[in-house]
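**Student:** Chain by chain, the residues:
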Amino acid sequence: MMGNEMKGLYIGTMNLISSSLAEDGMVQLKRLRHGFLKIKIESSMTGILKNEGLQYAEVGRDLYALGDSASHMAHVTGQNINRSICNGILDSKEEKAEIILKLLIETLIGKANGENSLCCYSVPAETSEGEHRVVYHSEVMNEMLKSLGYRPLAVNEGLALVFSSLAARRFTGMGISCGGGLLNVCLAHQAHMIESFSVDRGGDWIDENASKVLGMPLRAVTMAKEKGTALDLEKPTTRIEKAIAVYYKEMIRYAIEIMRKRIEGSRKCSIFQDPIDIVFSGAVALPKGFVSIFSQEISKVGFPLKVGQISLAHDLEYAIARGCLIKAMSEVL
Amino acid sequence: MADQESPVVSDEIKVVHLAEIPTKMIKAGELENIARALAELTAQKPVEEISVPEKTEAIVIPQAEARSSRGILGDISFSLGKLTGSVVNSFNKEEGAS
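Sequence order for the protein chains is A and B. Just so we're aligned: 295 in the working numbering is position 295 of the first sequence, and the numbers increase by one with no gaps anywhere. Just so we're aligned: 408 in the working numbering is position 75 of the second sequence, and the numbers increase by one with no gaps anywhere.
These are computed hints drawn from the structure, not numbers from a lab. Wrong hints could be hidden among the right ones.
Pairs of lysine-lysine, DSS-like flavour, derived with a Cα cap of 27 angstroms [as the list claims (entries may be wrong)]:
no. : chain 1 : residue 1 : chain 2 : residue 2
1   : A       : 227       : A       : 249
2   : B       : 357       : A       : 227
3   : A       : 111       : B       : 357
4   : B       : 357       : A       : 50
5   : A       : 111       : A       : 96
6   : A       : 306       : A       : 288
7   : A       : 30        : B       : 360
8   : A       : 111       : A       : 30
9   : A       : 96        : A       : 146
10  : A       : 93        : A       : 146
11  : A       : 38        : A       : 50
12  : A       : 288       : A       : 300
13  : A       : 212       : A       : 249
14  : A       : 268       : A       : 300
15  : A       : 261       : A       : 306
16  : A       : 288       : A       : 212
17  : A       : 249       : A       : 261
18  : B       : 360       : A       : 111
19  : A       : 288       : B       : 357
20  : A       : 306       : A       : 268
21  : A       : 30        : B       : 357
Just so we're clear, the structure is a prediction, and the values are computed from it rather than from any experiment.
Construct the complete structure from the given sequences, taking the supplied hints into account.
**Tutor:** Rendered as structure tokens:
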């Protein structure tokens, strides 16, 4: 496997995560918050930004804070962060989306180191409405990675999760990646995708709705939600947490209903005779009680498949990037 | 990763400053084993695609079975029941499964 450069890249709405096989038998995982914010400062003053350790880029005549720096500045100034990705795909309405996304990706994976460099990157599935927006997104990503010298290979996000988390089940089961913009669902049988679709609700949907009902800034809700395991969806304590828990449950119910309808209408799913395991990835699945609520809700609806174990992926924020790298490694074996 | 500065990233981007990026290291061995299992499984799996009438999804059957049926493919319609267990959809080849 050595001699071939292999990289995995998770392109999410909230985060970009890369995985690279290093020569010392280790895998390096790097994460960048996915966002940027235009800042008003003379370019002669950029030394201050640098001294403060802020991440920034000068694009044309404008300055942009990047990544976590953009997120922190948005919080301080009460602005909303811009993202290159909206609902899992490139936001073509955002003028600087492409150039900044390329910059962030180059920062994470660098330029290819020769002709045999393979980069497997994640793409979401189309939404259940089938709007065909992923086709455009994939094409732009292909071009972007080619311009960095890589041979690009798109991997369905949910399938990448199956690769990284359901090997013990012979890559059979359901992977659900819970992102900021979408829930990506993939039902796989022995590493082959049987059904895949995305549900157009995710972490952002929870934040927006909780923010509206509470009349609070979006950022405050996002911060409360991102407390990870410190947030218990079954025992919310504050007003914000209670609102977040309400919308979490609603998102889960909605997703299960979409999944039920989709699987019920699919003759291909008759291939599953044994109970299938379901595994989740993504920071949105991190709060305590998430799996428990999902398990309770799925048991109420008469789900068309027998369900086995429901669990969170190991190191769930990095699971897709790991899955992409596994795919890249399997390609060169 | 240390602080990095790139004077010219593209025609439009002039200066970039990126502070240290959070990085974690894991051992490659486990991923290599999984990749090997994945490669073996996908190598065993169906490789030949058969076109089916419109409004039916593409199906893939194991190569041996496909080979034996190849001559009469134009005339016969496959019984899905007969293929149960080996019928695997691979409508999205580029997404890694095939």
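**Student:** Next, verify each hint and record whether it holds.
**Tutor:** Checked hints:
Note on residue 227 of chain A and residue 249 of chain A: the hinted pairing holds, with a Cα-Cα distance of about 17 angstroms set against a maximum of 27 angstroms. Simply put, residue 357 of chain B and residue 227 of chain A have alpha-carbon atoms about 21 angstroms apart, close enough for the 27 angstroms limit, and the pair holds. For the suggested pair residue 111 of chain A and residue 357 of chain B, the alpha carbons sit about 20 angstroms apart, so the restraint of at most 27 angstroms is met. A hinted pair counts as satisfied when its Cα atoms are at most 27 angstroms apart, and residue 357 of chain B with residue 50 of chain A qualifies at roughly 24 angstroms.
At most 27 angstroms may separate the alpha-carbon atoms for a hinted pair to count; residue 111 of chain A and residue 96 of chain A meet this at roughly 21 angstroms. Among the hinted pairs, residue 306 of chain A with residue 288 of chain A is consistent with the structure: their alpha-carbon atoms are about 24 angstroms apart, no more than 27 angstroms. For the given pair, residue 30 of chain A sits about 14 angstroms from residue 360 of chain B by alpha-carbon distance, which is consistent with the 27 angstroms threshold. Under the criterion of a C-alpha separation no larger than 27 angstroms, the hint pairing residue 111 of chain A with residue 30 of chain A is consistent with the structure, at around 15 angstroms.
Restraint check: the Cα-Cα separation between residue 96 of chain A and residue 146 of chain A comes to about 19 angstroms, which is no more than 27 angstroms; the hinted pair holds. Restraint check: the Cα-Cα separation between residue 93 of chain A and residue 146 of chain A comes to about 23 angstroms, which is no more than 27 angstroms; the hinted pair holds. Using a Cα cut-off of 27 angstroms, the hinted pair residue 38 of chain A and residue 50 of chain A holds, with the two alpha carbons roughly 16 angstroms apart. At roughly 21 angstroms between alpha-carbon atoms, residue 288 of chain A and residue 300 of chain A fall within 27 angstroms of each other, so this suggested pair holds.
Simply put, residue 212 of chain A and residue 249 of chain A have alpha-carbon atoms about 17 angstroms apart, close enough for the 27 angstroms limit, and the pair holds. A threshold of 27 angstroms between alpha carbons decides the hint, and for residue 268 of chain A with residue 300 of chain A the separation of about 23 angstroms falls inside it, so the pair holds. Proximity of residue 261 of chain A to residue 306 of chain A is assessed by CA-CA distance (about 15 angstroms); at most 27 angstroms being required, the pair is judged to hold. Only pairs whose Cα atoms come within 27 angstroms are accepted, and residue 288 of chain A paired with residue 212 of chain A is accepted, the gap being roughly 24 angstroms.
Of the supplied pair hints, the one linking residue 249 of chain A and residue 261 of chain A holds, its CA atoms being roughly 18 angstroms apart against a limit of 27 angstroms. Restraint check for residue 360 of chain B and residue 111 of chain A: satisfied, since their Cα atoms lie roughly 23 angstroms apart, inside the 27 angstroms limit. For the given pair, residue 288 of chain A sits about 24 angstroms from residue 357 of chain B by alpha-carbon distance, which is consistent with the 27 angstroms threshold. Between residue 306 of chain A and residue 268 of chain A, the direct Cα distance comes to roughly 15 angstroms. Compliance with the 27 angstroms bound is thereby established for this hinted pair.
A C-alpha spacing of about 7 angstroms is found between residue 30 of chain A and residue 357 of chain B, which places the hinted pair at or below 27 angstroms, so the restraint holds.
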